[in-house]
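K.L.:
Chain by chain, the residues run as shown.
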Amino acid sequence: MTPAETVAQAPAVTTARPVRPGLFACTVILLRKDLLLEWRTRARLNALVFFGICTLLMFSFALGANAMALREHASGYFWLAILFASVLSLSESFRVEQENHSLDGLRLAPANGRAIFLAKAIGNTVLLWGLGAVLAPLSIAVFDLRVVMSLFTLAFIMLVGSMAISAAGTFYASIASNARARDVLLPILLFPVLVPVLIAAVKATTMVFEGDPMNQMESWLTLLGSLNVIYWGLGLVLFPRIIEDL
Amino acid sequence: MPSWVPLVLLLVPVGICLALPFKRDLLDKVWLVLAAEAVFGIGVGTYLALFSVPPERDMGEVVRIFAAHVPQVQNALLAVVLNFGCSLWFLIRKSWVADSLAESSAEVGLYLGAVGTALGAIWAKPTWGVYWTWDPRLTSAAVMLIYYAGYLALRRFTDNPDTRATWSAALGTFGIVIPVTVYKSVVWMKSMHQVQSSPETVYPQLVTAFRFSAIGFLCLMIVFIYQRYRIAQEQLKREVAPPEALGAPQGAA
Amino acid sequence: MIPLLVLAQAAADAQPSPGQVGSGRVIGGWEFVTAAYVLTFLGIVLYAASLWVRRPRS
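From first to last, the protein sequence lines stand for chains V, W and X.
Take the first sequence: its letter number 163 is residue 163 in the numbering used here, and every next letter is one higher.
In the numbering used here, each residue carries its 1-based index in the second sequence increased by 1000.
In the numbering used here, each residue carries its 1-based index in the third sequence increased by 2000.
Calculated directly from the structure, the hints in this document are not laboratory data.
Among the hints, a few may not be true.
Derived list of chain W stretches under chain X, where covered just means 3 residues or more per stretch with a C-beta under 8 Å from a C-beta of chain X [claimed, not checked]: (1) 1064-1076; (2) 1119-1129; (3) 1145-1153.
Here are the computed distance ranges between Cβ atoms for each label pair [said to hold, decoys possible]: (4) X:Leu2046 <-> W:Trp1096: 26 to 36 Å; (5) X:Trp2052 <-> W:Leu1088: 47 to 57 Å; (6) V:Ser219 <-> W:Cys1017: 36 to 46 Å; (7) X:Val2053 <-> V:Gly64: 46 to 56 Å; (8) X:Glu2031 <-> W:Leu1088: 38 to 48 Å.
Just so you know, even glycine gets a beta-carbon here, dropped at the ideal spot from N, CA and C.
Model the full structure from these sequences, guided by the hints.
P.N.:
Here you go:
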């Protein structure tokens, strides 16, 4: 194609303006982009898995060879490992966007702010869930746990828990990643709002390993579900306002 | 003294707060009245609680801490709810009054909450035998303090007033989850801490002292927030106005 | 009379030290009350002082 032909085609291009994708389509596109980036390097995934395993083992070193205590608190260590790893994953997911100002590019594209939130939060959920899927068998082996309830229940608890962590975490990471002292700020802001999530997830996971004689599983899952509704709702409403001001 | 007498004092702060939306500069003049009422209310409440109330059947002398602990924690929660309201107000209509008010209420709430929690710990020692226990009420209160300390830290770490206001408003709106957890933790989860007191469940001899003290602390909180608000406004003006070296006209801000 | 005296002696022996827990009621504990009110007033004074130091000068 000669330069002259390109110029001749130019008006045709402007008349056929691409249709702006809706919220759902936009989310899917952004999510594909994030996951593709992740898959191409796999750096974050590897770092996350090793960090998680390290944390999990550190707990057992810190407590010594007290098998009883380790087994009793295993689900707490499991969720703490996920929580600590989530801070890495979350701040990384916004650091990527800051290189070359790609978040500005996304907003000028123009991508819907809600779609950016959804894509980031779903992407982090997938990562954390994957991390959980690696850590769960490991902790069952290391801490010598017996699975009393079905593994599907465990997978479901992990999904709901990582959804709640990612929704609140994406929201706070977007703020903290742009402030000074961001490495300190994200855990300070994020951990307090995640306390109820941690409590509910740990209680529910403990029941998977130790049985549920009092039939409390449902109430803890309800709490996790309602926290999810609150965090995703608040994130969807507030996130567009935050990235306007980045 | 009948226990409704201190409620008369409530007319002043409530009346001022109701009149405030119509007359913005009202507090510039009457804050001294509120300060005087704060001194009076806290003074009378403390005097009654310390010297006129007889020891209670189970709690003994330490029940007197009630008149200092509960008002401060209540007002801390009130300040945090005010912070939520102002954050929402800022997000809906970009108002700098709301931003400054949110900052002041978060700081005053943090101060009152910290002292109130410390008093709770002091009270816990003779009644529960330990200063601190990882009970839902205490844990959620500690979490609330950390969160609002983080909120103020974020404000410190952000230089652009626009960005700072939006981000902290988002934080304040999100943070309402925490005071609700603190308030409801005694009901939702099994807690050592007793449920919220009502006039029927409080030690009857203490009600008058408590009401004096609570209204005093309410006035104190309004005065503190007002004074902190003026500081915040001053800082905002300094940040937004061009420096005088650039030849800003006198009194332009 | 003597049984009464014995009872009184027993009651005196059972009297727990100030602030002790376990007898179902708290005895004494004025030092906690004092500490609480001192802390309250210290807090008020210190926070008021910090507001005074930061006061707008215009």
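K.L.:
How does the stretch 1064-1076 of chain W fare against chain X when you require at least three residues with a CB closer than 8 Å, holds or violated?
P.N.:
holds (count 5)
K.L.:
Kindly confirm whether 38 to 48 Å is satisfied by the beta carbon distance between Glu2031 of chain X and Leu1088 of chain W.
P.N.:
holds (44 Å)
K.L.:
Given that the stretch 1145-1153 of chain W was listed as covered by chain X, double-check it with a C-beta distance under 8 Å for 3 or more residues.
P.N.:
violated (count 0)
K.L.:
With 46 to 56 Å as the target window, see if Val2053 of chain X and Gly64 of chain V comply at their CB atoms.
P.N.:
Once the Cβ atoms are compared, 50 Å apart, the range 46 to 56 Å for Gly64 of chain V and Val2053 of chain X holds.
K.L.:
Is the listed coverage of the stretch 1119-1129 of chain W by chain X valid when you require three or more residues with a beta carbon under 8 Å from a beta carbon of that chain?
P.N.:
Coverage by chain X holds for the stretch 1119-1129 of chain W (8 residues, Cβ < 8 Å).
K.L.:
For Ser219 of chain V and Cys1017 of chain W, compare the CB-CB distance with the range 36 to 46 Å and indicate the outcome.
P.N.:
holds (39 Å)
K.L.:
Taking the Cβ atom of Leu2046 of chain X and the Cβ atom of Trp1096 of chain W, is their distance within the range 26 to 36 Å?
P.N.:
With Cβ atoms ~28 Å apart, the hint holds.
K.L.:
Is 47 to 57 Å respected by the C-beta to C-beta distance linking Trp2052 of chain X and Leu1088 of chain W?
P.N.:
Violated: the Cβ-Cβ distance is about 31 Å, outside 47 to 57 Å.
Hints 3, 5, counting from the list given before, are not met by this structure.
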